[in-house]
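Undergrad: As given, the protein sequences belong to chains A and B, one line each in that order. Remember, our numbering sits 8 above the position in the first sequence when you count from 1. Remember, our numbering sits 5 above the position in the second sequence when you count from 1.
No lab work stands behind these hints, which were simulated from the structure alone. Hints may be right or wrong, so weigh each one.
[Stated by the list, open to error] List time: in silico DMTMM-like cross-link candidates among lysine to aspartate or glutamate, alpha-carbon distance up to 20 Å:
#	chain 1	residue 1	chain 2	residue 2
1	A	Lys663	A	Glu619
2	A	Lys333	A	Asp349
3	B	Lys60	A	Asp24
4	B	Lys60	A	Asp59
5	A	Lys215	A	Glu169
6	A	Lys581	A	Glu642
7	A	Lys645	A	Glu702
8	B	Lys60	A	Asp527
9	B	Lys60	B	Asp46
10	A	Lys663	A	Asp694
11	A	Lys691	A	Glu741
12	B	Lys60	A	Asp694
[As the list claims (entries may be wrong)] So these bits of chain A aren't anywhere near chain B, every CB distance computed over 10 Å:
#	residue
13	Thr17
14	Ala20
15	Asp24
16	Val27
17	Asp59
18	Ser88
19	Ser311
20	Ile559
21	Val597
22	Asp614
23	Ala827
Note that this is a predicted model, so its numbers are computed, not measured. For each residue, glycine too, the CB sits at the ideal point set by N, CA and C.
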Amino acid sequence: MSLDRAYWTEVAAIFDAVVDLDDAERAAVLDDRCANRSAMRAEIEQLLMRDALEGALVTDVTRSLDAEPRAPAVGSTIGSFHLMEVIGVGGTGTVYRAQRSDEDFSHQVAVKIIASPVSQIDAARRFRAERQILASLRHPHIVMLLDGGVTDASHAYLIMEYVDGVPISRYCQDHQLSLPDRLHLFRLVCSAVHYAHRHSVVHRDLKPANILVTAERIPKVLDFGIAKLLDRPLPLDGTSTGPVTGPLTPNYASPEQLRGLPVTSSSDVYALGVLLYELLSDRRPYETEGKPLDDIMRLVVNSDPPRPSARPSENTLPYPALRLKGDLDAIILKAMAKEPDLRYGSAEELSEDIKRFITGVPVIAQEPSFAYLGRKLALRHKAVFITSAISLLLVVGALVFALWQAGAATAEKRRAEVRFAELRQLANALIFEIHDAVAPLPGSTAVRRTIVARALGYLERLAKDADQDAALRLELVRAYIQIGKVQGLPGAANLGDREGAVASFRTAQVLIEPLTKLDPPSADVVEGFVEATRRLSETLTSMTGHRDEAIREAEKAVAIADGYHRLFPTDVKARNLLASSSFTAAFAVGYPHSLPHWQRVSLLYDALLVEHPEDPQNLRNVALVEKYLGTHYEASKDLPQALMHYTRARTIDEKRVLQAPSDRGAQGDVAIDLSNEASVRWKGRDRRAGELFEASLALRMRLAADDPKDELAAARVAFAQGRLANFYEDAGEPARALEHGHAAMAFYGSRPLAPSYAASVAYILATVARVEEGRGNHAAGCAAYEQSFDAFSRLASVERESAIAGGDPMIDVARRAAACGVKAARDWLDAAKPIR
Amino acid sequence: MPIDLRLDVVALDRALMELSSIAPDKAKVVELRYFGGLSVDEAARYMNVSPESVKRYWRFARAWLLGRLTVGEVDDPE
Numbered sequence: 009m010s011l012d013r014a015y016w017t018e019v020a021a022i023f024d025a026v027v028d029l030d031d032a033e034r035a036a037v038l039d040d041r042c043a044n045r046s047a048m049r050a051e052i053e054q055l056l057m058r059d060a061l062e063g064a065l066v067t068d069v070t071r072s073l074d075a076e077p078r079a080p081a082v083g084s085t086i087g088s089f090h091l092m093e094v095i096g097v098g099g100t101g102t103v104y105r106a107q108r109s110d111e112d113f114s115h116q117v118a119v120k121i122i123a124s125p126v127s128q129i130d131a132a133r134r135f136r137a138e139r140q141i142l143a144s145l146r147h148p149h150i151v152m153l154l155d156g157g158v159t160d161a162s163h164a165y166l167i168m169e170y171v172d173g174v175p176i177s178r179y180c181q182d183h184q185l186s187l188p189d190r191l192h193l194f195r196l197v198c199s200a201v202h203y204a205h206r207h208s209v210v211h212r213d214l215k216p217a218n219i220l221v222t223a224e225r226i227p228k229v230l231d232f233g234i235a236k237l238l239d240r241p242l243p244l245d246g247t248s249t250g251p252v253t254g255p256l257t258p259n260y261a262s263p264e265q266l267r268g269l270p271v272t273s274s275s276d277v278y279a280l281g282v283l284l285y286e287l288l289s290d291r292r293p294y295e296t297e298g299k300p301l302d303d304i305m306r307l308v309v310n311s312d313p314p315r316p317s318a319r320p321s322e323n324t325l326p327y328p329a330l331r332l333k334g335d336l337d338a339i340i341l342k343a344m345a346k347e348p349d350l351r352y353g354s355a356e357e358l359s360e361d362i363k364r365f366i367t368g369v370p371v372i373a374q375e376p377s378f379a380y381l382g383r384k385l386a387l388r389h390k391a392v393f394i395t396s397a398i399s400l401l402l403v404v405g406a407l408v409f410a411l412w413q414a415g416a417a418t419a420e421k422r423r424a425e426v427r428f429a430e431l432r433q434l435a436n437a438l439i440f441e442i443h444d445a446v447a448p449l450p451g452s453t454a455v456r457r458t459i460v461a462r463a464l465g466y467l468e469r470l471a472k473d474a475d476q477d478a479a480l481r482l483e484l485v486r487a488y489i490q491i492g493k494v495q496g497l498p499g500a501a502n503l504g505d506r507e508g509a510v511a512s513f514r515t516a517q518v519l520i521e522p523l524t525k526l527d528p529p530s531a532d533v534v535e536g537f538v539e540a541t542r543r544l545s546e547t548l549t550s551m552t553g554h555r556d557e558a559i560r561e562a563e564k565a566v567a568i569a570d571g572y573h574r575l576f577p578t579d580v581k582a583r584n585l586l587a588s589s590s591f592t593a594a595f596a597v598g599y600p601h602s603l604p605h606w607q608r609v610s611l612l613y614d615a616l617l618v619e620h621p622e623d624p625q626n627l628r629n630v631a632l633v634e635k636y637l638g639t640h641y642e643a644s645k646d647l648p649q650a651l652m653h654y655t656r657a658r659t660i661d662e663k664r665v666l667q668a669p670s671d672r673g674a675q676g677d678v679a680i681d682l683s684n685e686a687s688v689r690w691k692g693r694d695r696r697a698g699e700l701f702e703a704s705l706a707l708r709m710r711l712a713a714d715d716p717k718d719e720l721a722a723a724r725v726a727f728a729q730g731r732l733a734n735f736y737e738d739a740g741e742p743a744r745a746l747e748h749g750h751a752a753m754a755f756y757g758s759r760p761l762a763p764s765y766a767a768s769v770a771y772i773l774a775t776v777a778r779v780e781e782g783r784g785n786h787a788a789g790c791a792a793y794e795q796s797f798d799a800f801s802r803l804a805s806v807e808r809e810s811a812i813a814g815g816d817p818m819i820d821v822a823r824r825a826a827a828c829g830v831k832a833a834r835d836w837l838d839a840a841k842p843i844r
Numbered sequence: 006m007p008i009d010l011r012l013d014v015v016a017l018d019r020a021l022m023e024l025s026s027i028a029p030d031k032a033k034v035v036e037l038r039y040f041g042g043l044s045v046d047e048a049a050r051y052m053n054v055s056p057e058s059v060k061r062y063w064r065f066a067r068a069w070l071l072g073r074l075t076v077g078e079v080d081d082p083e
């Protein structure tokens, strides 16, 4: 295939010219225009063939499924069989009982007519190949495929062995089968599935309705590979605002199937797991009835089902559910693992493990560290999916929104509106989920970089269209801000891609700036500009050497917000924008010149709070400003003032917690307040500081315990431990200092050393070292000094921007380490520049 | 709309990128109609071409994409 645009332009032109001609004319034109270019002609013919396919992957949007011709009815003939009666209607088609003639009752077959028409051109060919494979499946528990074809009316049909039975789940319930009997039945099904897998046939749609059990208790699996035979992926019918119908049964669909990833034999194993779940507990793992697709996806892909043994009673089982506890739970859940690699490698392995259980031998299925591992790995896969999905969603969202605004007709407008809302939601959810959930995962940085690169690529292309369209621009601006946020996230190995984040925020700013000049400016535009600029400024502030630039940017935001505020002085949003941009400015200016800024911010937020005293956002903002004011006074050594502000912050944050007890952010803020207050009190040598530090630590430990997956919470506990170690060292309680120092190191030691931790590690080890020396434990002290120096030097080399790297504390530690005989420390001292 | 955006997004994405480099107009139509759910007329307006052109582009792109998307599928005997 040539990548030459000119080539394809010509191909397209010829295609257009011949596509509606009849065969003879077509051949003539092709002879003419493709003379001596047989490769091109072949290419065009391929295209023509695919053009003729109906019901293909990319359908015409305006066609509705109702328009399809009806299927044959009872009494008609398919092949040499008469259709006698309908025995089932499923998502893929209708099944009839049929026989050779009106009298030949003995030779019954089941004929399945596939619901949607299939084009003759490809169908016959494909069918033949597939049917041969399926027909070769001969297994006592697989319904045999006898024949198949396509009717004149373009309906595909399959002729199968007729099975008189009921779905396996119903069979087990109706006959109240014992646990061993259910397991035995299930193992027979596994053998059938495994046999098919060995013949490279994946079922893709295993569920009780596809497994019939005869009166002789013989299970028969139906519909192997039927989905494949239709030459299309299983359509998931319905929009996300309606319940899911259609051939894909959500409860049995594996996470990868729901996400449209390739289906393998492992997906069948998953379905077997779900089946086992249902057979043994008479319940389904997920409640998907009537739920919209988004919810179902979230359930199956992300959440863990309740353990089979743990379902509440209302027991229809002839044995107690508790018998499932332990091994059977584990087996089922292993088969249902989100990550295919974690499941059984084959249906046979699953069956073997059940056999082990029956014979009383230990089973392979371990109790997985279920929640964490499952979610973590599911997320990792999800991130790859997100790469493309996000970029596409951003593109679509923007386009649809813009066009909707451009005044499309009502029906399309509504449809676009719904679509847009869905997509925005999904895009936002995806981005925020990255933000919150992927950040702490190892390896997530590379993933994020990919996501960001792809999304940026799309955005750039979209930006070219945005010249004329203000609404589109706004969307773009928002998208760039989101991207910048993702880029700026700290990762395990680095402090995030801050240069990238700056670039993204700047782009957002540049895009929206012209719109701020409009008269009057719109609220959305002002908000967009302020947000982009604030984030730009804040990112710059966190990078050393960019302070002036950070301040300039913040002042831009203040200027715009101020202008807008003058126009609408009582508007709450306008006031908030002014307050928040002033906040960013104060932040950028930093100590010591920031005081007037903070005071101004404080006035603005206090005024907002007075008007709406219960608004949690207002409370949070005021408390935050109080913290910064406190920090300022603490730094300028005005302890009483500092204490006043910290105390006020604590009062407000405690009120927030009372209002919303589950707000972890508020609780975290109280912990910060306690620590701040303690810090100030200790500077004034007030021994109450100890209890406050301890209270802060206790609160942090509770928060971390509430959510064991929250890496940040755990890190803060460690930090608080370090703080306490310092306090006790200072307060002359070395034993306690060591206790907390070691507790902190227990955390840091269990993680790869990240620059964000390196600083804390360096300081804590220095404290531990000093305390050990003080107690006369020279060896332990030296070891700690050496490690502390190591941490400091790693900090200095990796994070050149860190203000503390190479500063006084490092020199002190280096001296001690050198005295202990650490060569690297001696070398460093010799080479270190003198400090001002 | 019978198509679910989440299905095989990665493959579609790649195919679209390819299409947009060899035949950008056609790719644009796909984006607008497939993702945006726009009608022929709306797409025509957006792209500043005639509805006939949109239909032509759409037909070509569809045929082309089908070729891309059905190749290399797992378990595909072809």
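Undergrad: So, for every hint listed, does it hold in this structure?
TA: Here's how the hints hold up against the structure:
1. Of the pairs offered as hints, the one joining Lys663(A) and Glu619(A) holds, with about 17 Å between alpha carbons and a cut-off of 20 Å not exceeded.
2. A hinted pair counts as satisfied when its Cα atoms are at most 20 Å apart, and Lys333(A) with Asp349(A) does not qualify at roughly 24 Å.
3. Proximity of Lys60(B) to Asp24(A) is assessed by CA-CA distance (about 10 Å); at most 20 Å being required, the pair is judged to hold.
4. The suggested pairing of Lys60(B) with Asp59(A) holds, with an alpha-carbon distance near 13 Å, which does not exceed 20 Å.
5. Distance check on the hinted pair: Lys215(A) and Glu169(A) sit about 19 Å apart at the alpha-carbon level, within 20 Å; holds.
6. Restraint check: the Cα-Cα separation between Lys581(A) and Glu642(A) comes to about 32 Å, which exceeds 20 Å; the hinted pair is violated.
7. Between Lys645(A) and Glu702(A) the alpha-carbon distance is near 24 Å, which puts this suggested pair outside the 20 Å criterion.
8. At most 20 Å may separate the alpha-carbon atoms for a hinted pair to count; Lys60(B) and Asp527(A) exceed this at roughly 41 Å.
9. This hinted pair checks out: Lys60(B) and Asp46(B) have alpha carbons roughly 10 Å apart, not beyond 20 Å.
10. Between Lys663(A) and Asp694(A), the direct Cα distance comes to roughly 26 Å. Violation of the 20 Å bound is thereby established for this hinted pair.
11. This hinted pair checks out: Lys691(A) and Glu741(A) have alpha carbons roughly 17 Å apart, not beyond 20 Å.
12. Taking the CA atoms of Lys60(B) and Asp694(A), the gap is about 80 Å. The hint is violated against a cut of 20 Å.
13. Under the 10 Å C-beta cut-off, the non-interface status given to Thr17(A) relative to chain B is violated; the minimum distance is some 7 Å.
14. Under the 10 Å C-beta cut-off, the non-interface status given to Ala20(A) relative to chain B is violated; the minimum distance is some 5 Å.
15. At roughly 5 Å, the least C-beta separation between Asp24(A) and chain B is not larger than 10 Å, which violates its mark as non-interface.
16. Val27(A), annotated as away from the interface, has a beta carbon of chain B within 10 Å; the closest lies near 7 Å.
17. Residue placement check: Asp59(A) does not keep its beta carbon more than 10 Å from all beta carbons of chain B (closest about 4 Å).
18. Residue-level check passed: Ser88(A) sits 28 Å from the nearest beta carbon of chain B, beyond 10 Å.
19. For Ser311(A), the shortest C-beta to C-beta distance to chain B comes to about 18 Å, beyond the 10 Å cut-off, and the non-interface label holds.
20. A cut-off of 10 Å between C-beta atoms confirms that Ile559(A) is not in contact with chain B; the least separation is 41 Å.
21. Every CB of chain B lies more than 10 Å from the CB of Val597(A), the least distance being 45 Å, so the non-interface label holds.
22. Here Asp614(A) stays apart from chain B, with its beta-carbon at least about 47 Å from theirs, past the 10 Å limit.
23. At roughly 59 Å from the closest C-beta of chain B, the C-beta of Ala827(A) stays outside 10 Å, upholding its exclusion from the interface.
Hint violations for this structure: numbers 2, 6, 7, 8, 10, 12, 13, 14, 15, 16, 17, all remaining hints satisfied.
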